[in-house]
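Undergrad: So the sequences go chain by chain: A and B. Just so you know, we're using the working numbering here: the first sequence kicks off at 1 and counts up by one. Just so you know, we're using the working numbering here: the second sequence kicks off at 449 and counts up by one.
Some hints here could point you the wrong way.
[What the hints assert, rightly or not] Each computed SDA-like pair below joins lysine to any residue, with the alpha-carbon atoms no more than 20 Å apart:
hint, chain 1, residue 1, chain 2, residue 2
1, B, Lys537, A, Arg42
2, B, Lys463, A, Tyr264
3, A, Lys352, B, Tyr474
4, B, Lys537, A, His364
5, B, Lys537, A, Leu363
6, B, Lys537, A, Gly16
7, A, Lys352, B, Arg504
8, B, Lys463, B, Arg485
9, B, Lys537, A, Ile358
10, A, Lys220, B, His453
11, B, Lys463, A, Lys220
12, B, Lys463, A, Ala40
13, B, Lys492, A, Glu265
14, A, Lys352, B, Gly523
15, A, Lys220, B, Leu544
16, B, Lys463, B, Lys537
17, A, Lys414, A, Asn404
18, A, Lys220, B, Gly523
19, B, Lys492, B, Gly523
20, B, Lys537, A, Asn404
21, B, Lys451, A, Gly325
22, B, Lys463, A, Pro305
[Claimed, not checked] Selected chain B positions facing chain A (Cβ under 8 Å, derived; list incomplete):
hint, residue
23, Lys451
24, Gly461
25, Ser470
26, Gln484
27, Ser538
28, Glu545
[Said to hold, decoys possible] Computed footprint of chain A on chain B; a stretch qualifies when at least three of its residues, placed anywhere within it, have a C-beta under 8 Å from a C-beta of chain A:
hint, segment
29, 462-469
30, 486-493
31, 513-519
32, 529-536
Quick caveat, the hints were computed from the structure, so don't treat them as lab data. We treat Cβ as the ideally placed atom computed from N, Cα and C, and that holds for glycine.
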Amino acid sequence: MPKSPLRIGAGAAFSGDRIDPAIVLAERGDLDFHVFECLAERTIALAQLRKRRDSSKGYDPLFERRMEGLLPLLAKRRFRIVTNMGAANPEAAADVLIAIARRLKVPLKVAVVHGDDVLDRIDLDSPTMERGRAISDSGPLVSANAYLGADALLPALESNADVIISGRVADPSLFVGPMVHHYGWAPDDFDRLARGTAVGHLLECAGQLCGGYFAEPGRKDVPDMAHLGFPFADVDAEGNAMVGKVSGTGGRIDLATAKEQLLYEVTDPYGYVTPDVVADFTTVSLKETAPHRVAVNGARGRPRPAKLKVSVGYLAGYIGEGEIGYAGVNALARARLAGDIIRARLGVQFPKLRIDLIGSRSLHGHSFDVEEKPYEVRLRIAGRAATAEQAMTIGEEVEALYTNGPGGGGGTRKYVHEQIGIVSTLIDRERVPTRVTVKEWNGHAEAA
Amino acid sequence: MPKLHELAHCRAGDKGDTSILSLIAYRPEDYPLLEQRVTAEAVKRHLQGIVEGEVRRYELPELWALQFVCEHSLGGGVTTSLGLDAHGKSLSYALLEMAV
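All chains, full assembly: derive it from the sequences and hints.
TA: This is the structure in structure tokens:
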């Protein structure tokens with residue numbers, strides 16, 4: 001019988017996430033697996049652009065920092081790491097990791113999961129899931145990555161590697177992989193896979209299960225947010241679990257935080273689709289069993305989808321932005337006047353110019369009754385352009401409001417952002433073969 | 449009339465141009481009122497000017513929760529939106545402004 005429960009920790013919710021809570025969890029969480037999910041929709045396309053500029057890059061920008069903190073603990077605590085921080089270049093990430101292991105004198109075996117990159121074989125004439133137009137209509141393509149499932153991780157897990165590095169793998173599958181490996185669930189054991197998927201979904205946003213992105217003073221208070229902990233799950237052989245966090249960390253885990261996370265970004269609670277299973281979250285039951293402990297039971301599963309989803313990144317031009325602030329008497333009127341001036345000056349070049357009054361109605365538009373006399377307001381102008389130079393003219397015009405606009409404007413800023421667009425399509429599983437390679441440093445000093 | 453804010457909490461998520469709003473009652477006894485008053489049509493009306501597409505509602509009484517899937521709500525999606533909050537992360541509190 002395999003050890004039960006299996007304890008899986010969550011070390012990151014996204015590429016730029018905080019590192020300290022992941023270290024605390026590694027140190028004190030008594031983990032079997034530490035999973036780092038670091039790929040949002042556009043992350044891999046941005047990584048692909050970095051790889052184009054430098055073929056030794058294209059993995060997670062915080063990969064080295066995370067691993068330098070984790071490797072000394074890995075040697076002591078014997079947990080294993082699973083991560084999609086390989087992004088557009090898992091091979092290069094593994095090379096970098098072996099170099100870190102050598103420097104820190106930590107013997108290490110690394111497995112790399114290949115196969116998610118399908119840019120060379122997507123059908124450019126096939127329609128996107130979003131707009132139904134051909135993929136090739138989107139713009140110059142940068143990346144196309146299939147969402148791999150738990151099955152792609154299994155050979156890597158069987159290799160006994162300490163660290164498993166992949167590119168695109170569906171977020172919950174990063175957690176389900178270790179469960180399937182540990183308990184030997186069959187590929188058609190859909191109820192267990194669905195329960196594991198619910199647990200993976202609860203964990204994939206790390207701090208969000210512990211009261212991150214939750215607090216509202218006086219109504220939804222979260223203790224000691226400065227030291228917000230990351231969660232773990234104790235998963236049993238049925239896929240049911242107890243989620244929790246290590247004592248001494250900040251935050252809270254209870255019904256309210258677990259419900260927000262269970263439903264987060266779920267477009268159909270009856271059918272949450274991953275490469276492993278279609279999970280029915282409406283049958284999940286949550287129960288508080290102790291302080292900061294919630295039991296998660298009972299998701300039901302249906303057969304996995306026939307095809308894999310592919311996320312396609314393309315170059316989508318540039319956005320230019322300019323900002324300027326107004327405060328005191330008639331701040332709103334002066335900001336509005338400044339917006340009118342900019343529209344008159346740039347309207348021909350940028351017919352879709354966006355004008356926001358930050359501090360008044362920039363986020364929710366004009367739907368609600370709001371106080372119309374903010375003491376201060378910040379004007380923001382944004383527009384889309386084909387080139388960075390054109391985009392910059394927006395910030396330049398806003399800056400010129402200093403001497404050519406209303407009185408008392410201050411604190412101008414100008415920005416240009418390169419835009420990556422994302423569309424999705426489907427691909428047959430047979431067209432996405434995966435394989436695993438292993439690299440190792442055995443701890444012996446090499447001959448000079 | 450009380451605002452939803454007094455009865456429920458909410459989190460927003462996004463997939464492409466779709467905003468997903470999870471509305472969760474603080475107390476189970478308030479869930480029936482939410483189910484009765486906070487219909488898909490009411491949400492679409494409340495968020496006019498933001499939600500341009502269809503609103504689908506899922507009921508999750510076990511969780512005291514309603515899930516609203518609001519299509520065409522993010523200015524074309526993260527890619528094409530010129531808005532400050534391209535993911536619509538702040539829309540959770542727009543929904544909680546609703547009077548019930």
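Undergrad: Evaluate each hint against the coordinates.
TA: We went through each hint and held it up to the structure:
1. B/Lys537 <-> A/Arg42: Roughly 17 Å between the alpha carbons, so the hint for B/Lys537 and A/Arg42 holds.
2. B/Lys463 <-> A/Tyr264: holds (11 Å)
3. A/Lys352 <-> B/Tyr474: violated (41 Å)
4. B/Lys537 <-> A/His364: holds (11 Å)
5. B/Lys537 <-> A/Leu363: holds (10 Å)
6. B/Lys537 <-> A/Gly16: At roughly 17 Å apart (the allowed maximum being 20 Å), A/Gly16 and B/Lys537 satisfy the hint.
7. A/Lys352 <-> B/Arg504: It is violated: about 29 Å lies between the C-alpha atoms, which goes past 20 Å.
8. B/Lys463 <-> B/Arg485: Violated, because 26 Å separates the two Cα atoms, which is more than 20 Å.
9. B/Lys537 <-> A/Ile358: holds (16 Å)
10. A/Lys220 <-> B/His453: holds (11 Å)
11. B/Lys463 <-> A/Lys220: violated (26 Å)
12. B/Lys463 <-> A/Ala40: Given that 20 Å is the threshold and the Cα spacing comes to 11 Å, the pair holds.
13. B/Lys492 <-> A/Glu265: This hinted pair holds, its Cα atoms lying about 18 Å apart.
14. A/Lys352 <-> B/Gly523: It holds: about 12 Å lies between the C-alpha atoms, which stays within 20 Å.
15. A/Lys220 <-> B/Leu544: Holds: A/Lys220 and B/Leu544 sit about 14 Å apart, inside 20 Å.
16. B/Lys463 <-> B/Lys537: Since the Cα atoms of B/Lys463 and B/Lys537 sit roughly 11 Å apart, the hinted pair holds (cutoff 20 Å).
17. A/Lys414 <-> A/Asn404: With a Cα-Cα distance of about 17 Å, the restraint between A/Lys414 and A/Asn404 holds, given a limit of 20 Å.
18. A/Lys220 <-> B/Gly523: violated (30 Å)
19. B/Lys492 <-> B/Gly523: Holds. B/Lys492 to B/Gly523 sits at ~15 Å (cutoff 20 Å).
20. B/Lys537 <-> A/Asn404: This hinted pair is violated, its Cα atoms lying about 35 Å apart.
21. B/Lys451 <-> A/Gly325: Between B/Lys451 and A/Gly325 the Cα gap is close to 32 Å, so the pair fails against 20 Å, i.e. violated.
22. B/Lys463 <-> A/Pro305: Given that 20 Å is the threshold and the Cα spacing comes to 19 Å, the pair holds.
23. Lys451: Violated: closest Cβ of chain A sits about 10 Å from B/Lys451, beyond 8 Å.
24. Gly461: holds (3 Å)
25. Ser470: This interface hint holds because 4 Å falls under the 8 Å limit.
26. Gln484: violated (19 Å)
27. Ser538: holds (5 Å)
28. Glu545: holds (5 Å)
29. 462-469: That given contact holds, which follows from 6 residues of the segment 462-469 of chain B lying within Cβ reach (below 8 Å) of chain A.
30. 486-493: violated (count 0)
31. 513-519: As far as the segment 513-519 of chain B goes, the hint holds, because 3 residues have Cβ atoms under 8 Å from chain A.
32. 529-536: holds (count 4)
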